[in-house]
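Participant: We have chain A; now place chain B onto it with these hints.
Residue numbers (the working numbering), protein chains in the order written: chain A, 1 to 484; chain B, 1001 to 1523.
You may find that some hints are simply not true.
Pulled from the structure, derived: some chain A residues nowhere near chain B, Cβ distances all over 10 Å [unchecked claim]:
id, residue
1, LEU51
2, THR60
3, GLY102
4, GLY138
5, ILE256
6, SER421
7, PRO442
Distance ranges between label pairs, derived from CB positions [unchecked claim]:
id, chain 1, residue 1, chain 2, residue 2, range
8, A, PHE430, B, PRO1234, 56 to 64 Å
9, B, ILE1114, A, LEU292, 56 to 64 Å
10, A, PHE430, B, VAL1080, 15 to 23 Å
Computed list of lysine-lysine pairs in DSS-like fashion (alpha-carbon distance at most 30 Å, straight line) [to be verified]:
id, chain 1, residue 1, chain 2, residue 2
11, A, LYS109, A, LYS88
12, A, LYS31, B, LYS1086
13, A, LYS142, B, LYS1445
14, A, LYS31, A, LYS141
15, A, LYS233, A, LYS220
16, A, LYS233, A, LYS319
17, A, LYS417, A, LYS326
18, A, LYS326, A, LYS415
19, A, LYS415, A, LYS141
20, B, LYS1446, A, LYS141
21, A, LYS326, A, LYS141
22, B, LYS1053, B, LYS1086
23, A, LYS31, A, LYS88
24, A, LYS142, B, LYS1446
25, B, LYS1445, A, LYS141
Because the hints were derived from the structure by calculation, they are not lab data.
Only a predicted model underlies this, so the values are computations on that prediction, with no experimental measurement involved.
All C-beta atoms, glycine included, are put in the ideal place defined by N, C-alpha and C.
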Amino acid sequence: MENWSLVSICVLFGLTARWAVSLNSYSGAGKPPMFGDYEAQRHWQEVTYNLPVHEWYFNTTDNNLNYWGLDYPPLTAYHSLLCAHVAKLINPDWVELHASRGHESYGHKLFMRATVLVADLLIYIPAVVLYSFYLSEGSNKKKVCTVLCILLYPGLILIDYGHFQYNSISLGLALWGVVVLGLGWDVLGSLAFVLSLNYKQMELYHSLPFFCYLLGKCFKQGLAGRGLFLLVKIAVTVLVTFALCWLPFLSDPGQILQVVHRLFPVGRGLFEDKVANTWCSLNVLIKIKTILSTDTQLYFSLTTTLLAILPSSIKLLMKPTLWQFKLALVNSSLAFFLFSFQVHEKSILLPAFMLPLFLKDGLLVPYVVTSLAFLFFSIYLLSAFEHCSEDKLRLGPYRRLLICMPRMDLGRVTKWKFYFSITAMAGLSFMSVALAPPDQLPDLFPLLVSVFSYLHFLGLLLYFNIVQIAEPLQSVRKNQKKSN
Amino acid sequence: MCYLYVELQSVISIPPRLIHRGQASVYDTGCHSTDFEVHRNWLAITHSLPVSKWYHENTSEWTLDYPPLFAWFEYSLSHVAQHFDKEMLVVQNLIYTSPATILFQRLSVIVTDIVFIYAVKECCRSVREEKGSKDLLGHPFFILAALLLWNFGLLIVDHIHFQYNGFLFGILLLSVARHLQGRHLEGALLFTVLLNLKHIYLYIAPAYGIFLLRSYCFTKDNTDGSVRWSSFSPVRLVALGSIVISVGALSFGPFIAMGQLPQVLSRLFPFKRGLCHAYWAPNVWALYNMVDKALSVLGVRLKLLDVAKLPKASMTGGLVQEFQHSILPSVSPSITLICTLLSIMPAVLSIWCRPRGARGFLRCLVVCALGSFMFGWHVHEKAILMAILPFSILAVESREDAGIFLMLTTTGHYSLFPLLFTAAELPIKVLLMLLFTLYSFTSLKKLFRGSLLNPLETTYLLGLVAVEILCEVVYPLSPWQHTLPFVPLLVTSVYCSLGVSYSFIRLYVSLLRQHGTDKHKQL
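Bound conformation, chain A alone (with noise of 0.2 Å):
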C-alpha cells in the first residue's frame, strides 16, 4: 500500500485514540474550589481575553494570582486569547470576567478538547510524520510504523487530552525544530526552538542541546568567515523572536521581571508532592528539604544539573552531528528532570511514573487501554527484541567497563531487566489501584512509584551518556551507515 494512505490510517488512528481518551473525565472535574489543570486553562482564557496585556501577570483586584495564574510564557497567553475569542463567539458565559470560575458543562468540555484536538493536528502530528519520513531511518514500513508508535504514545494523549494541557504546541515545535534542523536549515530550526520556549518554559529542558549543536557547527564551519556568519544569522533571529514574543511587556522592565518570577517560582521548595527524581528520592534517606535553606537548595540542584549535563554537551559541541544531537536530547531533559529545582512529574512524560496522577483523575481505563496498546505496537512493529543483541544496543563500552564479567550476554540481560521492569510496572499499577496503603505509611505506592521510576531514570541518563560519549570522534568511513 502506498504511504500517504499508511500514514493517514496511522494519523486516523491516532486521532481516533486521542478523541476516545477525551471523552473521559479531566483533571479537578467536579472538584471545587480549585478544581484543576482544565480549570486553569479556562481561567487563563478568562484572563487574557477580559484584562488589559500588563495586568495577566499581576495580582490585581480583577486578576487573583493564587488562583491558576498565568505561569507560563507569553506565547501560551496569546494562544489562550485566541482560544478566548472562538469561545466568545460559541458562548459568551465560558469566559465571563468572574462569573465564569469553575464553569463545567458538556458543551464547554467539547469545546476545550476540541482546541488540544486542533492545535495538535495543526503542529504536533505533522511534526511527527515528517519527523518519521525523513529523519529516521529504515524502509518505508519501518518509517509508518514509527508515525504509529509516537502518535500512541500513551503518555501525552492521557496528559493532554485526559488531564488536559497543550503539551502537544511546544512539544510538537520542538520537534518541528528537530526536523528542520535535520534538513539543514538551522535560522529555521532556532526560530522553532524559540517559539517552543515561548510556549512552555519546561522547553528549557531541550535548550542546552540546540544550542550546542549549533554553536558547534559554527564551530566547524569556521569561526573566521561562514561560521560567524551562521552564528550572527542565529543569535539574531533568536534575539528578534524573543523580542517579538514579548513585544507587550517589553515597555516596562517590571513587567519582564514580574513574568520571569511567575516562571520560574524558586520560591517554592525543592519539590512537591513525589516526582522522581534525586532529590525525591534523596529524601527518603536523608531529609534534605529540611536540613538545607531553600537558597541553598536553588544553588545546589543548579550546579548538579550543570554537572549532570556538561559531558554531553561537550561532546555534542565537538562533534554537532544529528545523531549526537538526539542522544543530547535526551541526556539533556533526564538531567534536568533529574537534578533541577521544582521538577513537576508531568515532565518526564513517561506514563507509568504518572499512574498516581491518573488515578487522581480517574483516568485508569484510558490508562491500561492507551499503555497496552503502545507496548504492544512498539514491542511488535519496531521489533524491539529482535534488535536486543549486544551490537545494536551498542553496548560495546559496557562491555569495556564490565570488564570483570565477559562471559554474560548483555542483550539478553536487556531483555530480561525489561520484562521485570514491566512486570514491577504491572505489579505497582495494580497495588495502587486494588490496595489500600498501611496507616503509617499513606503515600507508600506513590512513593514506590516515583522511586523505581527514579532508578530507571537514572539508568537511562548513564546509559545515554556513556553511548553519547563513546561514540568516536571522527566517524571511521566504514561506520558511516550506522552512524547518522
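Facilitator: For chain B alone, coordinates are given in the frame of chain A:
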C-alpha cells in the same frame, strides 16, 4: 505463518476496541443508547425471575423479544454481573447506569467478541488467494481480517451503541467458514444455534435450507450440474433434522412444556411496529415513502388534494407506529413478506439448479440478507451488516465483487451515522468512517490492481461527504431545524437507499450472469 499473522491481526484489533469501549464506558454525560437499558433489563429479568415469567414480564417497555437461547445467554451473563453491581439485576431499577454496570456491559461485549475474532480467523483460512509472494499487507486474508475486525458498522453498533452483534456475527461467520471448509454439519449446528439466539437470521434461512438440502443431502450431481435424485442420502437429512430439532428443543423446550409458546412467539414477532423504524432504513420502502410524501406535497401544491384529509406527517417523528400512506397504496406486513420472497426467489432457485458449491451459497446468503433488508417489515438500518460482513469474504476474491462491496459498504456504513447523534461522538464516527473507507479502498485497489468504481459511482460516494456536511453542519444552523427536524434523517436515508438499491441490483446481475455462464458452459 499465516496463522500467526491472523493472530496478530486479531490482537491488533483489540486495542482500538478497548480504547473506544474503555473510554466510552466512563462517558460522563450519562447519554446511553436504549439498547444498553434493554440488555440491562434482560439481565435483571433472567436473573431475578423464574423462567415461567421471562416472556410475561413487562415492567419495562423493553420486553424480552429474542428467542430463549439468548435469554439463557443473558442468564449466564447475569451470574458474572452480580459481582460487579447487584443493583443492576433488580427489575425495578429502570435506566440504572452505575459505572460498574457500564463497565460490566462493555466488558461483556468485548469478551464475547472473542467468538468473532475466532470466526474471522477461520474465514481467513478459507480464503482463496493467488500464488506469488506479496507482503503481509497485500495478502487477501490480511485484508479480509482487517475489513472484518475493523468493520466500522460493527464497531459503532456494538461498542458505542451497544449490542452483541460481534458475538452473533461471529457465530454466523464461523458457520459460513465451516461450510467453506466442507464441514457442513458443524455449519448447520452453528446456524441453528444462531437462529435460536436471534430470529432475525430467519431472513437467510432459505439460503441455508436450500443449500444444505441440495448440496449436502444429494451427494452427487449429474454431469450437467442438475439434481441426481438417486443420490439422495436420507442419513444426512436425518442428521440435519436432528440437529435442528435438538437445538430447538434445548431453546424452546421449557416454554413449550409450560404452554407458553404463543406468548413467546408474540413477543418475538411484534408486527404492530410499523413499516419503517423511526429512522427509515435505506431500503425500498424509504424510497416508497419519499415518493409518497413528494406526491402528496405536490398534490397539495397543485390543489389536487385536500390537506385536511391527509394523515399527519409523523413517520419520521421518532415514534414507531402504524402509518398510512397518503397517495400510494399502503403496505402491510404480508406484502413485504411477498416482496421479500419474490426478491430472493431467483437466487435461491439458482443454487438449487446450478449449485456452485459453498461460494455460490455464500453469494445467495448475501442476496437473501440484502433482499430482506430491501423489502422487509420494520427493518433496522443495523441489518445492513448482515449483508456486508459475509460479503467481505467474496470481496477479497473477485474484482467485480470488490467494486460492489465498496459501494454497498460505504453507503451502508454512512447510513449508520444517525445512530450516533451527540456532538461528542461526531469526531469518533467521522474518524472511524474515514479510517475504514480509506483502508478498504486502498487495500482492495492494490489487491486488484486498478480502479474498482466507475466515475458515476465515485461521484455518488463523494456526494456522501456533501450530505454529511449538509446534515450535521449546515442544517442545524439553519432556521428550518426547528420546524422540520426530520429532514436530515430523510435526506440521509433516501440518499443511502439509492446506493444500497444499486448495489443490490448489481449483485443480482452478477449472480444471474454467473448462472447464465454456467448454463452456456454445459450447452
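Participant: Evaluate each hint against the coordinates.
Facilitator: So, going through the hints one by one against the coordinates:
1. LEU51: holds, 31 Å
2. THR60: holds, 35 Å
3. GLY102: holds, 16 Å
4. GLY138: holds, 15 Å
5. ILE256: holds, 41 Å
6. SER421: holds, 21 Å
7. PRO442: holds, 25 Å
8. A:PHE430 x B:PRO1234: 56 to 64 Å: Given about 60 Å between the Cβ atoms, the range holds.
9. B:ILE1114 x A:LEU292: 56 to 64 Å: Cβ of ILE1114 of chain B to Cβ of LEU292 of chain A: about 58 Å, so the range 56 to 64 Å holds.
10. A:PHE430 x B:VAL1080: 15 to 23 Å: holds, 20 Å
11. A:LYS109 x A:LYS88: Roughly 15 Å separates the two Cα atoms, so the pair holds.
12. A:LYS31 x B:LYS1086: holds, 28 Å
13. A:LYS142 x B:LYS1445: With Cα atoms ~23 Å apart, LYS142 of chain A and LYS1445 of chain B stay inside 30 Å; holds.
14. A:LYS31 x A:LYS141: Given that 30 Å is the threshold and the Cα spacing comes to 46 Å, the pair is violated.
15. A:LYS233 x A:LYS220: holds, 16 Å
16. A:LYS233 x A:LYS319: holds, 21 Å
17. A:LYS417 x A:LYS326: At roughly 24 Å apart (the allowed maximum being 30 Å), LYS326 of chain A and LYS417 of chain A satisfy the hint.
18. A:LYS326 x A:LYS415: holds, 23 Å
19. A:LYS415 x A:LYS141: holds, 24 Å
20. B:LYS1446 x A:LYS141: holds, 16 Å
21. A:LYS326 x A:LYS141: Since the Cα atoms of LYS326 of chain A and LYS141 of chain A sit roughly 22 Å apart, the hinted pair holds (cutoff 30 Å).
22. B:LYS1053 x B:LYS1086: With a Cα-Cα distance of about 20 Å, the restraint between LYS1053 of chain B and LYS1086 of chain B holds, given a limit of 30 Å.
23. A:LYS31 x A:LYS88: holds, 25 Å
24. A:LYS142 x B:LYS1446: Holds, at roughly 20 Å.
25. B:LYS1445 x A:LYS141: holds, 19 Å
When each numbered hint is compared with the structure, a violation occurs for hint 14 only.
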